Amino acid sequence: MAMASGSVAKAINNYWRSGIIGGLIIIDAVVLSLCVLDSIRFALSGLSYGSAWRVAVEEALEGRSVVLAIAVFAFFLFALPMVMALLFVFRPREHWPGLLGGQPQGLLSAHVFLSFVISLFTAAAVTMEVLSGWTRQQGVWRYSFVSLWLSAVFLGKPAYVAFISPIIRKFVVRASADPRATKLKEVAVEVLTEDNIERRAG
Amino acid sequence: MPVRRLSLAVLLLTFILLASCDAPDWHPQPPSPGDSDARLKIELFPSASGSASKTGADAALKTPEFLAINKYVVVESQPDPDNSEDAVRAAIKILSDPQVLAVVGHSRSGTTRAALPFYAQAGIPVLMPSATSPYALYNFAEHEPWPSVDRLGKEPAYERFPNAFRLPPSDVPDQVDAIRATTKKLARTDNVPLAKIDSIKIKTKVMIICETTRRDGSDVYTKPMCDSLRKKNDSRFSPLIASYREIDLDTGDIYGIVTEVHAVKPSLIILVGYSEFARNLLEELKERQSTGGKMSDYTFIASEACFNPDLAQFGSNIYVTSSIDPAAVRCDTPEAQVLREEVKDKERTKSEPTEESFTFDALLILSGAVKDCEQTLNRECITRYLENNHLVLQGACQKYFIEKGERQNAKYMVYSNACNGRAGSPLQPVWSVEKGGEQVHGDGKWKCSQSN
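Sequences listed follow chains A and B, in order.
Residues 0 to 201 in numbering that gives the first Met the number 0 are what the first sequence lists, from first letter to last.
Residues 0 to 451 in numbering that gives the first Met the number 0 are what the second sequence lists, from first letter to last.
Everything labelled a hint here was simulated from the structure, so no lab data went into it.
Wrong hints could be hidden among the right ones.
[As the list claims (entries may be wrong)] Residues on chain B that point at chain A, a partial pick, calculated with CB under 10 Å:
1. His26
2. Pro27
3. Pro29
4. Ser31
5. Asp34
6. Asn69
7. Val74
8. Leu94
9. Ser95
10. Asp96
11. Ala119
12. Glu373
13. Arg378
14. Cys396
15. Phe400
16. Glu402
This structure is a prediction, so every number in the text was calculated from the model and none was measured.
Virtual Cβ for every residue (Gly too), placed ideally from N, Cα, C.
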């Protein structure tokens, strides 16, 4: 059993490592641009951006936004490389442009750092929305300031529940029964295409 | 390899521990469109020392203006903190509540001053029904030496909080002018040739007692007035000052002040502080009457925060300067009628509304703002409404002219228990002092109603 779980860990580790590619940094940069855009929009709305950061830090010390920030950090650090590796199912890495598919040195550290910064921005975005208060427009209640990045994060929630979480669950269950025969690629394809359901139905 | 596993385990454990600290009340989901109970909040801090502002608020909730908007907003009454630390705590709680649309409060200048920066961070509009210190409205570092009052709002470092609007006039210069005018009238230096002032000052000594307790923020309220009273030269007032005394109740005691009063023997005592302090001082003076002067030897001129009927019962003549204008509720509008009925119902000892009127008017003004902002219902719109309509913010009987957060069109009233030179009647308005302090008029409705 110990050997089996060791193999699972190794398989996951290899799979995760294969997804750490230059494309991650590009995704990080796009997300950070979105965060910066949010910050500019917030400052232009007349509220103090500095205050938002200060309140975010104070509230984080009280435990507020911490879970979300950790979830975002964990997503960027663990899930995103796996999603990248998953994409290799459809187009092998060798066929990707060098900038996207390359694995230069220091890539992981840079990605960890940027993921951390993004998670901090996420906590700040939550604070910005809270500080702006609610508004009611055409009968619909929402925050006066809506962070684009935070909207994306919250949109990601159902995607995680619908796709990523079933892949992980199925992979872990199968790998603990037969680690050698279980391939994450196959599990992912199975979940995403609902292959086994169709096969059974057929 | 074990080291890598250990660091991974530590990382995961840290994540789990941090995750367990999560506070679910942060960033609540806005109500769904079908939620008919969804309402924004107006946070109200009624004065802890009396029920007047609560009565004013209760009356406002019955007005047609509020009934027209109560499907959008609800007034939530909070206990008013009596020190700056608690005020900051309350403000942080409000700041992190996206449901709050506006704040009415706080009752003290010190607590208002402490809380305002937090409300400003979230752009929450604040209507101030009773904080009158000039410092309350402006931004500056509290732990550095305070700027002089005339620099407030004029230098970039001391900008006004753009979300704050004060209903009563500022203490400096308005209340200070009223205190000066009252002193001059009582000492009879207001209309004598300047040459006679030297002879008057021998008979009529004035002592200024200024309560500057830092802990409860009294200094925010009193210091600007005391400085202005002492430093601004007025040929009919300044020569009368025989003694000036500041007291921080954490380091000084009232016993020492009473000893000093007995030594100076002032006939007029200007008391700048809160009513708790004034009551303690009067009690101590009364207790030591046998060793010093009788209570009837002293006449007190007290600042607005001493507006407390209890102070009229000590046997001294008391004159209290106050921004509460009875004319603010003597009109025949349905709103004024609602307030009068509420006061009649809840405060049976009162003949007419007094300090209820500012809280009442604050909620009326906010009702107008909410009605105007019906489409968006957000803080920015409310603040914009208050700015745009600053010339004509409609209260029960009067229109408030509030420019750059400061009330412009108000006079000060002088309330007193003195009747034919003797203390005994309840506090009632005797004079009104026009802006600038030059003109003092008798109140038309005042009747000398001696109760003993």
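Hints, one by one, checked against the model:
1. Hint status for His26/B: holds, given a least beta-carbon distance of 5 Å to chain A, under 10 Å.
2. Interface restraint check: Pro27/B against chain A, minimum CB-CB distance 9 Å, threshold 10 Å, status holds.
3. Given the 10 Å rule on beta carbons, the hint for Pro29/B holds: about 4 Å separates it from the nearest Cβ of chain A.
4. This hint holds: Ser31/B has a C-beta 8 Å from the nearest C-beta of chain A, less than the 10 Å allowed.
5. Hint on Asp34/B holds. Least Cβ distance to chain A is approximately 8 Å, under the 10 Å limit.
6. At its closest, the beta carbon of Asn69/B sits 15 Å from a beta carbon of chain A; the interface hint therefore is violated under the 10 Å criterion.
7. Interface hint status for Val74/B: violated, as the beta-carbon distance to the closest one in chain A is roughly 17 Å, over 10 Å.
8. Interface restraint check for Leu94/B: the shortest CB-CB distance to chain A comes to about 7 Å, inside 10 Å, so the restraint holds.
9. For Ser95/B, the shortest C-beta to C-beta distance to chain A is roughly 6 Å, which falls under 10 Å, so the interface hint holds.
10. Of the supplied interface hints, the one on Asp96/B holds, with its beta-carbon coming within about 8 Å of a beta-carbon of chain A, less than 10 Å.
11. The closest approach between the C-beta of Ala119/B and any C-beta of chain A is roughly 8 Å, which is under the 10 Å cut-off, so the hint is satisfied.
12. The interface hint given for Glu373/B is met, as the beta carbon of that residue sits about 9 Å from the closest beta carbon of chain A, less than 10 Å.
13. Interface restraint check: Arg378/B against chain A, minimum CB-CB distance 5 Å, threshold 10 Å, status holds.
14. Interface hint at Cys396/B: violated, since its Cβ lies 32 Å from the closest Cβ of chain A, which is beyond the 10 Å cut-off.
15. For Phe400/B, the suggested interface contact is broken, since its CB lies about 24 Å from the closest CB of chain A, more than 10 Å.
16. Hint status for Glu402/B: violated, given a least beta-carbon distance of 20 Å to chain A, over 10 Å.
The earlier numbered hints that this structure contradicts are 6, 7, 14, 15 and 16.
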